[in-house]
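As you go down the protein sequences, you meet chains A and B in turn.
Going by the numbering used here, 91 is the number at position 76 of the first sequence; the sequence numbering is gapless.
Going by the numbering used here, 1327 is the number at position 38 of the second sequence; the sequence numbering is gapless.
Please note that a few of the clues may not be correct.
Covered by chain B, according to a simulated footprint, are these stretches of chain A (three or more residues, beta-carbon under 8 Å) [as the list claims (entries may be wrong)]:
no. : region
1   : 25–35
2   : 38–45
3   : 66–72
4   : 97–103
Dumping the calculated DSBU-like pairs for lysine-lysine here, alpha-carbon to alpha-carbon at most 35 Å [stated by the list, open to error]:
no. : chain 1 : residue 1 : chain 2 : residue 2
5   : B       : Lys1374   : A       : Lys41
6   : B       : Lys1291   : A       : Lys41
7   : A       : Lys35     : B       : Lys1291
8   : B       : Lys1301   : A       : Lys44
9   : B       : Lys1336   : A       : Lys35
10  : B       : Lys1338   : A       : Lys41
11  : B       : Lys1291   : B       : Lys1336
12  : A       : Lys130    : B       : Lys1374
13  : A       : Lys44     : B       : Lys1374
14  : B       : Lys1338   : A       : Lys126
15  : B       : Lys1301   : B       : Lys1374
16  : B       : Lys1331   : A       : Lys41
17  : B       : Lys1331   : A       : Lys126
18  : B       : Lys1301   : B       : Lys1336
19  : B       : Lys1301   : A       : Lys130
20  : A       : Lys27     : B       : Lys1338
Here's a subset of chain A near chain B, in silico, CB distances under 8 Å, partners left out [as the list claims (entries may be wrong)]:
no. : residue
21  : Ile92
22  : Glu109
23  : Asp113
24  : Thr124
Honestly, the hints are just simulated from the structure, not real lab data.
Heads up, the beta-carbon is just placed ideally off N, CA and C, and yes, glycines get one too.
Listed below, chain by chain, are the residues.
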Amino acid sequence: MILGQEGMEIMKLAEPSLEKLEEEIKGVKDFLVGELSPQVEKLARRHPLLLYSLRHPHLRLSSPIAVSLEDDGIQIIAAAYDLDVFGYGETEWEALDDLRHTIADLYFTLKDDAKALGPMPHRVWEYLSDVVEESS
Amino acid sequence: MKVRQALQAFDKLGLEIREGRDTLAFFRWEGQVILWTKVPHKRGELKGKLPYLVRQQLHLNESQFRELIACPMGREEYIEVLRSKGLLPSSEEG
Chain A
16 MILGQEGMEI MKLAEPSLEK LEEEIKGVKD FLVGELSPQV EKLARRHPLL
66 LYSLRHPHLR LSSPIAVSLE DDGIQIIAAA YDLDVFGYGE TEWEALDDLR
116 HTIADLYFTL KDDAKALGPM PHRVWEYLSD VVEESS
Chain B
1290 MKVRQALQAF DKLGLEIREG RDTLAFFRWE GQVILWTKVP HKRGELKGKL
1340 PYLVRQQLHL NESQFRELIA CPMGREEYIE VLRSKGLLPS SEEG
């Protein structure tokens, strides 16, 4: 297409805007690659699941506990954020097993101290005693 | 960060240690359980995200955690941090 005098002038006027747009696109690209990608990658290494059992001879769960499994590059972390506890291990199975033990240990500790709990442990105990049932 | 350093910090804060599958540590104030954390039995480095998780459970920011490990922060300073975050019962004074 042959541009007339008017077209050429419009192109000249638009040039700085195009350069600015190019710069902005580069900025967005840098953001996506530098900032967002690691975050997305991080999220992709984390996945939620529900824990239905503590595999404990005297404790059973009446409701599942929300757990986040995450590969931190060294080990697998299983975190139950509602209870402020975590487990870890070389495999997901080990991390969940460690978490189950920690939840059981926490249950008995808070039970022993049920009348002497600070604000955060009190809230955790309210939740934990609601979802954990003891059997003889 | 080494497990040994974490245990020294727990000792400095007066955390109550309970040995189970891992080393569980409970912080008590005025007889009440305030928070807990844990480290592996295995000695050596606390790897990966574990130092971060311990710090989170202790309710410390990065610089406070560094102070704790490097020594300036003791139990009294720690109690002030917890009090400022509303983690201690307000009805009693420590």
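Verification of the hints:
{"no.": "1", "hint": "25–35", "result": "violated (count 0)"}
{"no.": "2", "hint": "38–45", "result": "violated (count 0)"}
{"no.": "3", "hint": "66–72", "result": "violated (count 0)"}
{"no.": "4", "hint": "97–103", "result": "holds (count 4)"}
{"no.": "5", "hint": "Lys1374/B / Lys41/A", "result": "42 Å, violated"}
{"no.": "6", "hint": "Lys1291/B / Lys41/A", "result": "42 Å, violated"}
{"no.": "7", "hint": "Lys35/A / Lys1291/B", "result": "50 Å, violated"}
{"no.": "8", "hint": "Lys1301/B / Lys44/A", "result": "48 Å, violated"}
{"no.": "9", "hint": "Lys1336/B / Lys35/A", "result": "45 Å, violated"}
{"no.": "10", "hint": "Lys1338/B / Lys41/A", "result": "33 Å, holds"}
{"no.": "11", "hint": "Lys1291/B / Lys1336/B", "result": "8 Å, holds"}
{"no.": "12", "hint": "Lys130/A / Lys1374/B", "result": "22 Å, holds"}
{"no.": "13", "hint": "Lys44/A / Lys1374/B", "result": "39 Å, violated"}
{"no.": "14", "hint": "Lys1338/B / Lys126/A", "result": "29 Å, holds"}
{"no.": "15", "hint": "Lys1301/B / Lys1374/B", "result": "20 Å, holds"}
{"no.": "16", "hint": "Lys1331/B / Lys41/A", "result": "48 Å, violated"}
{"no.": "17", "hint": "Lys1331/B / Lys126/A", "result": "28 Å, holds"}
{"no.": "18", "hint": "Lys1301/B / Lys1336/B", "result": "22 Å, holds"}
{"no.": "19", "hint": "Lys1301/B / Lys130/A", "result": "26 Å, holds"}
{"no.": "20", "hint": "Lys27/A / Lys1338/B", "result": "54 Å, violated"}
{"no.": "21", "hint": "Ile92", "result": "6 Å, holds"}
{"no.": "22", "hint": "Glu109", "result": "11 Å, violated"}
{"no.": "23", "hint": "Asp113", "result": "7 Å, holds"}
{"no.": "24", "hint": "Thr124", "result": "7 Å, holds"}
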